[in-house]
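Novice: Listed here are the chains, written in short residue letters.
2 protein chains.
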Amino acid sequence: MNDRLLRVCRRQPVDRAPVWMMRQAGRYLPEYREIRQKLSFLELCKNTDLAAEVSLQPYRILDVDAVIFFSDILIPVEAMGVPVSLTDKGPEIANPIRTQSAIDSLRIPDPSVEVPFVGAIIKKLRQELRNAVPLIGFAGAPWTLASYLVEGGGSKNFAEIKSLAYREPRLVHALLDKLASTVGSYLLFQIESGAQVIQLFDTWAGELNRSDYEEFALPYTRKIFEAIGSRVPRILYVNGCASILDSMVSSGAEVLSIDWRISMAEARRRSGERVALQGNLDPCVLLGPKERILAKTEEILEQAGPTGHILNLGHGILPQTPVENARCFVEIAKNYRQA
Amino acid sequence: MNDRLLRVCRRQPVDRAPVWMMRQAGRYLPEYREIRQKLSFLELCKNTDLAAEVSLQPYRILDVDAVIFFSDILIPVEAMGVPVSLTDKGPEIANPIRTQSAIDSLRIPDPSVEVPFVGAIIKKLRQELRNAVPLIGFAGAPWTLASYLVEGGGSKNFAEIKSLAYREPRLVHALLDKLASTVGSYLLFQIESGAQVIQLFDTWAGELNRSDYEEFALPYTRKIFEAIGSRVPRILYVNGCASILDSMVSSGAEVLSIDWRISMAEARRRSGERVALQGNLDPCVLLGPKERILAKTEEILEQAGPTGHILNLGHGILPQTPVENARCFVEIAKNYRQA
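Those sequence lines, one after another, are chains B and S.
As numbered in my numbering, residues 482 to 820 make up the first sequence, in order.
As numbered in my numbering, residues 482 to 820 make up the second sequence, in order.
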């Protein structure tokens, strides 16, 4: 087994940094677009065979060091009883959750009953992979999921969720707590089904300053990571993490996944030896040219040093990325030798 | 004259922090909305009497310590020969600038000829204010203006401008240099007309990591600040500045205006005694409740300490902000006494 990624999570030595890409099963691949023509995004998430197929595409086409199962962070939210539409412009929730009664009406789903397809996709992937590379499970973190629920979709300034949190903190804490319970059992279900690593996406927590992060996001991340315990390594991703990195270190994660705005060197300096790091090429760099991809990726690998680093992007790969550039990125990790 | 703001820029002692708000002349004020009913945003920018009137509204209604003249950062871009529409969803540029020939066709406008109304508004404001409080001039910084020009409007990931910068750096540098010349003479024109402080908005430069910031944004900010010299104090604003604050310190600005994601204490620690700081309440806090406005604003005032701080928001005031909350924010600055 290519267990480089698992070894990095455990802070064991590796011959080179493992590499994968957030949203690596996605629209930049013609093979993915071909399958997506046949069914909607949500239908694809729930189709065991095709979801497994698109999950494997980046492994087969680019030879990445890990597979992440194809899904969306709002799948468990839908299972809580909230109708969700996934459009090309992002998720839409027609009836935002902004009152105690709306929160009370949310179910904490039993994943084996409500989202059995997630277990089936993961099991199928483990069978197909035959331990060739590790399989990553994932979920959205409570603050990020709550943002979608309260805003009713994506947001520019997160005014609805923030002002609700400031006006009625107990109400928002009740929502976050319910989401933490849901996500905790959802990730445990993924682990029971075969996920060997999990990544928690707190994509929008970087919009909070550090004291708000510690009030509204970090406690729920901790609760989820405590529920998982040491079953599998835990990765925490936040987009725009520069101001809160020091708090993220105490989340319980073995790995912090950082965006491109902070340099790998500074993130290393600030997080010390306590956690491994994942990241952090700006996805826009993958639009080309190759010389810049090489220079910027090698800069990251050099700053990260020989251990405790998973090479990745700082955010999801862009749909307009040329496949050959994604392949180039993967190859750089394989050819790089630490000075 | 209430010269607290000017004294802070010069690092002189003050009895309390001066306070104003980015976008303080804006939609949250009923008096502003009443005037805006009569004419479009761009028409308002070009109407000397009404632009002066809305500029003065926050001073008269909230008693802020500085007036900023009402305008938009794309006014000089329009004067370069680029048709601009300002919609409620943000600026739109129908023909984005992405080629050498498009850049070559941009004029470096003579502000006294192309945007005389800007001078007229500033002159009128100085007359009306009779030195009661300082008048702030402003412009967009080259990277931020180039983002709008290349993207054709606002952007989520800035993929167009970044990939152009990576593929054809010389082309983007040519555009940035032309914008720097335009903005430099535009700000000098504002100063000649009576602006007593200037603020450069590099709103989107926080999307760059530090090495890209130093390659594509900082040199042009420096060029503009060098052109202005010590005529008036210079304020530099970047939204999402946590990763690049150390570079911003060497921009030549007397004051760095920071967003809410970084704590005032950390910004102070990192910028040391070299610059004054402006900011940095999360605009969402002004949505209420008052107890939180008080606690969070006093936290900023306490962390900033007795000198070298202009109280402001971390980004523009939101249109849905209750006026009484904006007034509350201003009052807190006036009543606060350093421990």
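By construction, these hints were calculated from the structure, which means they are not laboratory data.
Errors might be hidden in some of the hints.
You can't tell identical chains apart in this list, so a pair holds if it fits in one copy or across any two.
As the list claims (entries may be wrong) - Listed below are the simulated DSS-like cross-link pairs for lysine-lysine, each with C-alpha atoms no more than 30 Å apart in a straight line: (1) Lys-604 to Lys-637; (2) Lys-659 to Lys-604; (3) Lys-771 to Lys-527; (4) Lys-519 to Lys-704; (5) Lys-637 to Lys-605; (6) Lys-659 to Lys-771; (7) Lys-659 to Lys-519; (8) Lys-771 to Lys-637; (9) Lys-605 to Lys-815; (10) Lys-704 to Lys-604; (11) Lys-704 to Lys-815; (12) Lys-637 to Lys-570; (13) Lys-771 to Lys-605; (14) Lys-605 to Lys-519; (15) Lys-771 to Lys-519; (16) Lys-604 to Lys-771; (17) Lys-527 to Lys-815.
Novice: Please list, smallest to largest, the hint numbers that this structure does not respect.
Specialist: Violated hints (numbers, rising): 1, 3, 4, 5, 7, 11, 13, 15, 16, 17; every other hint is consistent with the structure.
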